[in-house]
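Whole structure, please, built from the sequences with the hints as guidance.
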Amino acid sequence: MSTATVDQPADAAPAAAPSVDRIAITVRVRRFNPEVSAESAWVDYQIEMDPKERVLDALHKIKWEIDGTLTFRRSCAHGICGSDAMRINGRNRLACKTLIKDINPDKPITVEPIKGLTVLKDLVVDMEPFFQAYRDVMPFLITTGNEPTRERRQSAKDRERFDDTTKCILCAACTSSCPVFWNDGQYFGPAAIVNAHRFIFDSRDEGGEQRLEILNEQEGVWRCRTTFNCTDACPRGIEVTKAIQEVKRALITRRF
Amino acid sequence: MTRRYDGRGRWSVIRPGPTDSEAGRPLSPHPEGISVPAGTLYRGREGMWSWVAHRVTGVTIFFFLFVHVLDTALVRVSPEAYDTVIASYKTPLVSLMEYGLVAAVLFHALNGLRLIAVDFWGNGPRYQRQMLWTVMGIWLVLMAGAAYPVLHHAAEILFGE
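One line per chain: the protein sequences are A and B, in this order. With this note's numbering applied, the first sequence covers 1 to 256. With this note's numbering applied, the second sequence covers 257 to 417.
For the record, the hints were derived by calculation from the structure and aren't laboratory data. Among the hints, erroneous ones may be present.
Claimed, not checked - Distance ranges between label pairs, derived from CB positions:
| no. | chain 1 | residue 1 | chain 2 | residue 2 | range |
| --- | --- | --- | --- | --- | --- |
| 1 | B | Phe-318 | A | Gly-145 | 51 to 57 Å |
| 2 | B | His-408 | A | Asp-44 | 38 to 44 Å |
| 3 | B | Leu-321 | A | Val-36 | 49 to 55 Å |
| 4 | A | Ala-41 | B | Phe-318 | 37 to 43 Å |
| 5 | A | Ala-156 | B | Arg-385 | 29 to 35 Å |
| 6 | A | Ala-41 | B | Leu-349 | 41 to 47 Å |
| 7 | A | Phe-131 | B | Leu-321 | 40 to 46 Å |
| 8 | A | Lys-52 | B | Trp-395 | 39 to 45 Å |
| 9 | A | Lys-52 | B | Pro-405 | 53 to 59 Å |
| 10 | A | Gln-132 | B | Arg-385 | 39 to 45 Å |
To be verified - Chain B side only, calculated, beta carbon under 10 Å to chain A, not exhaustive:
| no. | residue |
| --- | --- |
| 11 | Gly-378 |
| 12 | Gly-380 |
| 13 | Arg-382 |
As the list claims (entries may be wrong) - Non-contacting residues of chain A with respect to chain B, defined by C-beta distances greater than 12 Å in every case (computed):
| no. | residue |
| --- | --- |
| 14 | Asp-50 |
| 15 | Ile-80 |
| 16 | Gly-90 |
| 17 | Asp-102 |
Don't be surprised by glycine CBs; every beta carbon is placed ideally from N, CA and C.
Structure, rendered in structure tokens:
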């Protein structure tokens with residue numbers, strides 16, 4: 001007992017815990033372990049949670065207190081790293097940004113891996129095709145000529161042009177919500193196009209033509225069917241379909 | 257996917273040889289004999305369901321046009337056979353299907369205008385939901401208007417004058 005505490009008489013009741021109204025919830029996880037079974041299965045976990053807690057906290061409680069074999073990705077747990085995108089109650093969300101009270105805790109909360117990418121175990125999917133599409137749009141500054149001796153300046157208006165698409169955290173919630181991507185996984189996907197948009201419309205960048213050519217391919221922006229699943233799924237509130245539409249229009253008008 | 261730079265500002269995409277996939281993006285390795293489950297239905301919102309409806313009505317209209325070309329071409333084969341087929345179109349069941357066709361064509365046409373607005377009007381993606389409800393409103397009005405001309409003949413057969 002090294003922590004300093006307020007002295008209490010030995011027979012005093014322990015200090016009342018801060019009052020939280022815990023509720024009983026059922027978390028229904030779609031589990032898959034290729035080393036055990038080729039089939040995936042729904043597994044229900046009954047736990048007690050504060051409804052103001054997040055789905056990620058519920059998964060932690062399950063993993064730490066009930067079944068340590070439950071496998072999922074999470075790093076920062078605060079909606080920045082983008083590693084815990086999963087399908088909660090049928091929709092792509094970040095488990096760390098979804099409060100239990102917001103998704104009807106009266107019914108079982110279903111948690112599944114994101115669609116369109118190969119499930120490796122439980123909620124972990126192989127992200128490699130997703131990141132390959134990201135790399136394919138060359139998401140870095142491309143310039144020609146000598147490097148300036150000072151920073152590359154940009155007006156606030158020019159910066160505003162691509163502000164929305166700088167918010168992406170590469171969680172794959174958009175790409176794995178896209179019916180075109182589910183089809184064969186060859187479509188570049190919303191996330192790659194969003195990150196291409198971020199450089200195409202950057203006044204300092206000179207690689208716009210190259211990126212547009214890449215997105216003009218068969219698997220590029222023209223496969224978008226404007227289902228708006230990506231816009232609805234984005235945990236950062238990026239208007240993804242709008243960005244894709246702007247790239248389409250840039251391809252037609254060659255003005256960007 | 258590999259790219260080649262020609263030194264004059266143009267990049268060309270080199271399709272790799274035999275690859276897992278057309279665009280050359282890797283497919284995930286699957287352990288032998290493992291079939292990964294497809295998963296459950298995605299709970300998309302209006303945008304996704306309007307896309308599904310657009311696709312379904314589009315395919316429906318395509319098959320109607322296919323049948324329509326066939327029955328019209330029949331007049332070249334035998335005018336009597338053509339008359340027989342056209343007479344069968346006056347039955348109540350076919351009238352109901354015609355009303356369904358009106359529904360499909362109207363939805364496909366109106367939603368097509370919405371999709372054009374989504375792609376070509378800068379604010380289109382922001383107002384896609386409102387535009388969809390506008391489309392559904394106009395669709396309902398036009399469907400109500402089409403009910404009498406399309407269905408009154410069938411109604412007379414079924415319920416009398």
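For each hint, the structure was consulted:
1. The hint said 51 to 57 Å for the Cβ distance between Phe-318 (chain B) and Gly-145 (chain A), and at roughly 53 Å that hint holds.
2. Taking 38 to 44 Å as the suggested C-beta distance range, the pair His-408 (chain B) and Asp-44 (chain A) does not conform, at roughly 55 Å.
3. Under the hint 49 to 55 Å, the C-beta atoms of Leu-321 (chain B) and Val-36 (chain A), about 51 Å apart, fit the expected range.
4. Separated by about 40 Å at the C-beta atoms, Ala-41 (chain A) and Phe-318 (chain B) satisfy the suggested range of 37 to 43 Å.
5. Restraint check, Ala-156 (chain A) to Arg-385 (chain B): a C-beta distance of roughly 31 Å satisfies the suggested window 29 to 35 Å.
6. Distance hint check: the CB atoms of Ala-41 (chain A) and Leu-349 (chain B) are about 45 Å apart, consistent with the given range 41 to 47 Å.
7. Checked against the hint of 40 to 46 Å, the pair Phe-131 (chain A) and Leu-321 (chain B) passes, with Cβ atoms roughly 43 Å apart.
8. Our hint of 39 to 45 Å for Lys-52 (chain A) and Trp-395 (chain B) holds, since their Cβ atoms are close to 42 Å apart.
9. In this structure the supplied range 53 to 59 Å holds for Lys-52 (chain A) paired with Pro-405 (chain B), their Cβ-Cβ distance being about 58 Å.
10. The supplied range of 39 to 45 Å is broken by Gln-132 (chain A) and Arg-385 (chain B), whose beta-carbon atoms lie about 33 Å from each other.
11. With a least beta-carbon distance of about 8 Å to chain A, the hint placing Gly-378 (chain B) at the interface is held under the 10 Å criterion.
12. Residue-level restraint check for Gly-380 (chain B) holds (minimum Cβ-Cβ distance to chain A is 7 Å; threshold 10 Å).
13. At its closest, the beta carbon of Arg-382 (chain B) sits 7 Å from a beta carbon of chain A; the interface hint therefore holds under the 10 Å criterion.
14. The claim that Asp-50 (chain A) lies off the interface holds: its Cβ sits roughly 25 Å from the closest Cβ of chain B, which is beyond the 12 Å cut-off.
15. With a minimum CB-CB distance of about 25 Å to chain B, Ile-80 (chain A) clears the 12 Å threshold, and the non-interface call stands.
16. Look at Gly-90 (chain A): its CB is around 3 Å from the nearest CB on chain B, not clear of 12 Å, so calling it non-interface is violated.
17. No beta-carbon of chain B comes within 12 Å of the beta-carbon of Asp-102 (chain A); the shortest separation is about 14 Å.
In this structure, the earlier hints numbered 2, 10, 16 are contradicted, and the remaining ones agree with it.
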